[in-house]
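Visitor: Use these hints to put chain B onto chain A, whose structure you have.
Chains as they are written, first to last, in our numbering: chain A, 1 to 518; chain B, 1001 to 1454.
Because the hints were derived from the structure by calculation, they are not lab data.
Source: prediction; values computed, not measured.
Selected chain A positions facing chain B (in silico; Cβ < 8 Å):
hint, residue
1, Pro12
2, Ala57
3, Arg58
4, Leu87
5, Gly199
6, Cys208
7, Phe250
8, Gly308
9, His359
10, Gln361
11, Gly370
12, Gln382
13, Pro442
14, Leu502
Ideal placement from N, C-alpha and C gives every residue a C-beta, glycine not left out.
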Amino acid sequence: MAMNPIGRPTSPNTDDGAGGGFETFSGSQGLMQQEPLLNEVGALDKCGVDFASGPAARSRLGGMERTAQIGLPGLSEPEALRHYVRLSQRNYAIDLGLYPLGSCTMKHNPRLNEKLARLPGFGDLHPLQPQSTTQGALALMGELSRWLCAITGMDAVALSPKAGAHGEWCGMMCIRAALEDRGELETRRRVLVPESAHGTNPATAADCGFTIDELPADATGRVDMAVLREKIGPDVAGIMLTNPNTCGLFERDIREIADLIHEAGGYFYCDGANLNAIMGKTRVRDLGVDAMHINLHKTFSTPHGGGGPGAGPVVLSERLSQYAPLPYLTSDEDGWKLIENQEDVEGDAKPFGRMCAFHGQMGMFVRALGYMMSHGADGLRQVSEDAVLNANYLLARLQDEMSPAYEGVCMHEALFDDVFLKGTGVTTLDFAKAMIDEGYHPMTMYFPLVVHGAMLIEPTETESIESLDRFADTLLSLAKAAKDGEVERFSQAPVLAPLRRLDETRAARSPVLRWQSA
Amino acid sequence: MRYLPLNEEDRRAMLARIGVSSIDDLFADIPPPARLDGDIEGLPNHASEMQVERDFAALSGQSTNAGEAAFFCGGGAYRHHVPASVDHLIQRSEFLTAYTPYQPEIAQGTLQTLFEFQSQVAHLTGMDIANASMYDGSTACAEAVRMAARITKRKGCILAPGLHPHYSQSVITSSLGGGVQVQAMPAAMGADAKIVDALDENTACIVVQNPNFFGELVDLTPLAEAAHKVGALLIAVTNEVVSLGAIKSPGEMGADIVAAEGQSIGNGLNFGGPYVGLLACRDDRKFIRQAPGRFAGETVDAQGKRGFVLTLSTREQHIRREKATSNICTNSGLCTLAFTIHLALLGELGLRELARLNHARACALADRLAAIPGVEVLNESFFNEFTVRVRGKAADIVELMAQNGVLGGIPASRLYGPGKFDDLLIVATTEMNTDDDCAAFDAALRSSLQGEAL
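Looking at chain A on its own, in the form it has when it is part of the complex (with noise of 0.2 Å):
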């Protein structure tokens, strides 16, 4: 998610007004410690590892030694975990409050599915071992196959892309195989994508060696149907819409939208970050989706890990299946088999290719199957019905304070711009810091692109009522002291964070981007 204000780094305002503070001579401020760099803290002679003897060997380095100093520091045991544990009181986190990105959708990780993936027989199996000795690890592979298949009414998935844009390029590769199958792969040349579209979209198709054309939004927020009807032609590859849409609105014409690129001789590449939106509730396959990526991490759940890693599993209508990249996951009386090699290759398959080295993201497929056999079928209805709940609550609970988008209800995530703060002398960029100072992580902001100084509210199903209040009320605190004229409370803020507001401008001028001796 894009969280610059549409993209142009700022630099803070300097006169400090508000805060000041209490200086300490440490530089510590009771429970914020104060903590250097490694590099400060750390020594090329300190260690935290010891070793047992090995064997004693004449060197086959090929008189490649490495001689000169590398320049690690290091440490021992007690002064890293002292290191990395104040440094992670510095961040932010579900586990500590409402974690309200729109479009990112921080749920609550379960921590079962922590202890899944370090089972033996997933965390400690090598990815080239025989088969024959990998069974289980495949029949999961296998089982999150069926779960997704019928989540989504698809037929076939591709596991190997390790996040969502990865998945974007899989699906995108796989409409490009079939048009090079079909011999059309030179005169459609043009991807269809609107304009609130992740900026992952435009990159990926032109990854993909496509040209992009961008669609607007009409007035309610949705794909504008006159201009897709002008646009569609004989040229068009395809279309990269997400449903639910960035502005948290269900895309309601997409049933003709689909057979509108059907008709043209396009596919329909389906985006698939808001799917916890409405899984159980209809199945992409009824929608007319051809591919369409599933971020795990999204989801189903597995944890965000301050920015990854994540998996982008691809799931594949009838007509695309058949080009779904190696490896690929089969099976028969014998057990289970991953298709590795092109020589290996059966009956109508035809891999565009390999995505990367071995099979995917092991760690995160254990972790969301864990997360959907928890829930079951129910349970994932109920979630999609509780994430949309929360989001309408919310929504229904500060519109009269704050400008929402558009109108009417939303999906799983509330969308407003900054009509409210209009005449106030408060940016979205201000309001989002002085939630900063209240406890909150601050929502997706001047994102999507087509909603002036937008922010993006997406609660996500594992929030109570009584969370959901207490944010609601601290929202309208901040939406009624910007109307009331307390600039000064957003334009310093924050000033209750472990840092004030950093310098963006600088950092980019005069990019420092490793440590340096003084």
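Guide: Chain B only, in chain A's frame:
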């Protein structure tokens, strides 16, 4: 359902506040023919934590895990010891359940560790700068190739004979969309130096792995010189970063970009993922502008205190959209954290000792296997992995050894396809192997070779 805080009374009250009569009113935009009535077909209902744990334990038990066997597999994924404190620290809520650090004031934990990671990777590879990581080594390699093509404004990419086959295939697949023309040299041992013969004025980059897929060490210095002479770049690939504690870094040998798999430090085998891709390069504006992925950078806050932010994002998809340097939208956050903590525990001393141990184990094992009739060690040089020629098919021998509780390496044909290098077995050893493991391997290999001969 234990993960859902709302109860029926809450739901009713909330629907009333919203002003709708039923939950389905909120889903009214779904076209009626596509609505699901009732539960998803073919799936069971919710299950207790105990039940799920039981089911997964049963599945886990259906495989032979590395800890149950004498284990000698490598080929781009290595089994090293990870200190207990690493897993403890990465499971702290503040690291585990945080998002990408887009609000730097409340994400300094993630940002500072990323900055430490970038510093470590720069030191380790001998390069000037590193990014905040890629998905894994293979995708880092594919991105490095595209980056080189943009920097040089050329299309040619030559893959060395010793490049990991999955990496080669990943580069070739990622080139299908245009911009790069890949020439993969036929796989062979001892042939990496021949890559210079394929260089010409259209070459954007050569991609050379060290140690290569067969475990051989490759002197990159003459290759870098030859590439630079025609204006091409050298991309150095490393699968086993522990080797950098013993052998010359790619930076010392003239590499322009390094793409590496960082799994060996801090991260388990995990059946192939998640891993952590390292991408490092020269400190050159042109390189940085064309680099994929995220960078953490140092700056100050409004009161002049040092802090860290994600920076140089004008290369990225959320700003540049179809003109971005890559569609990548993440890094391998928690895996980089594990890498950073483990490497901080090791430090210079520990990494060197770890590398020394790995190499010593490999030397002893190579000598031991070389004494077996029907086994020939082919490497002149190696770090902790080497290739042996066996009498018969390596794939069959590996299956037979597995039945005796030995996971005895990777048959080359597993990656090159049947019919290629059928008699080559790639064997890796680490500090995890005991003398007993080596004895078990020795015995299993001998008996499997006899079984093969029968």
